[in-house]
Amino acid sequence: MPLSLDDDERAMLAGEQGPAAALSMRIITELGRIRGAERLVDIDSVHIDGCIFYGQAGLDFAQRLVALGGKVRVPTTVNVGSVDLIHPHLILQNTDYEKWVAQGGRDLMQAYVDLGCRQTWTCAPYQLDSRPGVGRHIAWAESNAIVFANSVLGARTDRYGDFVDIAAAITGKAPCGGLHLDSERHGDVVLDCSGLSADALAQDVTYPILGYLSGAIAGTSNPVFVGLPADVSEDRLKAVGAAAASSGGVALFHVVGRTPEAPTLEAALGPNAGAPVHHITAQRLNAARQELSTAREERLDAVSLGTPHASVDEIAEAYDAIVGGPPLAEGVAFYISTGRSVFAEAERRGLIAPLEAWGVMFVLDTCTYVTSILRPGTRTVMTNSGKWAHYAPGNMGVDVVLATLEECVQSATTGRVTWDRDLFR
Amino acid sequence: MSAMTGWRVTSGNAEGPVLKLSEPVSFWGGIGPDGRIIDVHHPQHGAEVTGRILVMRSGRGSSSGTYVLAELLRLGIAPAGIILTEPDGIIATGALVAAELYDVHMPIVTVSEQDYAAIEDGVTLSIDMDGDDAIIALG
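Chains L and E are the protein sequences, given in the same order.
For reference, each letter of the first sequence is one residue, going 0 to 424 in numbering that gives the first Met the number 0.
For reference, each letter of the second sequence is one residue, going 0 to 138 in numbering that gives the first Met the number 0.
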């Protein structure tokens with residue numbers, strides 16, 4: 000069936016809401032036609048990923064929409080950009096390429112502000128005050144935000160990316176296909192974690208590893224976890240999703256007994272009752288962690304936490320692990336990436352100043368793996384993020400260890416990479 | 000091969016030599032600023048896509064591939080056209096945006112598995128549109 004539009008949508012396409020809305024509607028309707036959608040769906044909010052600077056075309060597109068008088072029609076948040084607007088000195092500008100990215104990145108971020116986006120500059124929009132509810136349609140970009148919104152919030156977004164995100168924001172519409180539809184939201188493969196010990200399930204680092212394994216197993220289909228604690232925290236689910244969307248293309252997972260569309264395994268699987276089951280063992284967790292950890296040297300250059308952006312709780316955990324303990328070793332850089340609003344809340348709680356006094360560098364508005372922040376010569380980095388560990392070796396040519404928060408902090412105080420390769424028993 | 004009819008993903012006409020890939024390439028991280036395949040894991044690493052009819056089974060990789068394709072089209076070093084077996088929103092969006100911004104119209108077409116198998120690397124093909132039909136013929 001061809002894509003059918005209602006009167007308002009046709010009027011927008013015809014230019015009655017201005018040229019920016021017409022341009023945006025052309026992109027949304029063409030994408031709908033290409034994907035076989037039968038209609039468009041009204042969306043409640045948009046999260047923009049197109050604000051990271053990758054080249055002139057992205058800047059040209061945003062500035063064209065500004066010049067045509069474009070304004071977002073629904074509440075719109077923005078992902079990290081390529082610049083920390085609050086701590087611009089953190090962004091290296093030594094090479095011509097770095098200077099080009101810094102200037103282009105700044106211009107691009109300004110264009111999205113001019114289009115009416117809220118200046119959130121975070122990859123974790125689900126940590127902000129207004130979150131979409133169960134069953135609400137949204138158009139979010141940035142893979143970790145997409146998977147969190149679908150899985151943990153139960154909202155409905157397909158995989159949106161650069162350009163389509165802002166077109167959806169300006170029209171308030173998205174093609175009604177993919178994960179907007181009931182039929183696409185059932186689980187396809189089961190990861191049975193009931194064989195893991197209580198100790199293993201209590202470790203933070205277990206969750207990015209589970210995400211990494213689920214992405215490798217599920218690819219772009221929907222994994223279902225059984226045997227995880229019913230009270231597993233949002234931060235841990237965030238880590239699962241971010242890693243699953245990095246090692247695979249997961250945009251929705253279910254945790255039986257925890258996430259909104261998985262009260263039972265039967266409900267999560269729906270018509271896929273015979274889905275294959277993978278049993279997750281301690282051995283498999285150790286092996287996956289060793290696979291992600293490429294570091295071969297003993298000397299530690301940096302620690303990077305906060306990918307996706309750290310929550311207030313995660314900053315509080317870092318505070319507990321760091322403040323009052325031994326000092327940061329000389330030569331080790333310690334970064335925590337987070338969003339402006341979380342940073343402000345952590346500051347109100349008195350968490351920031353003691354951490355900064357110890358040596359933590361807070362990176363706002365951006366992230367240590369999308370722009371030039373790490374000092375030249377950085378070779379070995381420890382992180383508690385499966386996503387960071389997955390991308391950093393390729394993106395930045397550094398070696399990594401995926402570690403617990405305690406291992407990261409302890410290594411940062413000695414300057415030597417220390418981790419238990421057989422943590423899971 | 001004889002002339003075949005595909006389905007229009009994006010509009011445009013093209014003619015050029017076929018570069019048929021043995022596996023899909025991601026534009027993001029896979030095609031460099033010189034129009035060549037830079038993914039070192041790709042079997043056709045080093046091959047030039049500029050001006051070719053790029054034939055691959057499907058799209059692949061990060062949604063930021065839209066950016067890369069739009070940038071290749073802006074610089075005039077993109078493929079002349081792309082033939083796939085299934086529509087790909089990431090690639091299509093890059094072409095749609097470049098058409099809006101730069102008035103460059105790169106055709107993207109889907110064909111059946113059978114027609115896909117019949118297309119040989121290196122031959123010159125033309126792509127012309129007739130409504131939603133894409134007519135693919137030897138050049």
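Simulated from the structure, these hints should not be mistaken for laboratory data.
One should not assume that every hint holds.
[To be verified] Dumping the calculated SDA-like pairs for lysine to any residue here, alpha-carbon to alpha-carbon at most 25 Å: (1) L:Lys70 / E:Leu100; (2) L:Lys70 / E:Ile37; (3) L:Lys70 / L:His136; (4) L:Lys98 / E:Asp102; (5) L:Lys70 / E:Pro32; (6) L:Lys70 / E:Glu99; (7) L:Lys70 / E:Ser1; (8) L:Lys70 / L:Lys98; (9) L:Lys98 / L:Pro375; (10) L:Lys98 / E:Glu99.
[As the list claims (entries may be wrong)] Here's a subset of chain E near chain L, in silico, CB distances under 10 Å, partners left out: (11) Met0; (12) Ser1; (13) Thr4; (14) Gly31; (15) Pro32; (16) Ile36; (17) Leu68; (18) Ala69; (19) Arg73; (20) Ile76; (21) Glu99.
[Claimed, not checked] Computed, partial: chain L to chain E, Cβ under 8 Å: (22) Arg34; (23) Gln55; (24) Leu58; (25) Phe60; (26) Asp95; (27) Tyr96; (28) Glu97; (29) Trp99; (30) Gly160; (31) Pro325.
Beta carbons: idealized from backbone N, C-alpha and C, even for Gly.
Checking each numbered hint in turn, tell me which of them this model violates, lowest number first.
2, 4, 5, 7, 8, 10, 11, 12, 13, 14, 16, 20, 24, 26, 27, 28, 29 and 31
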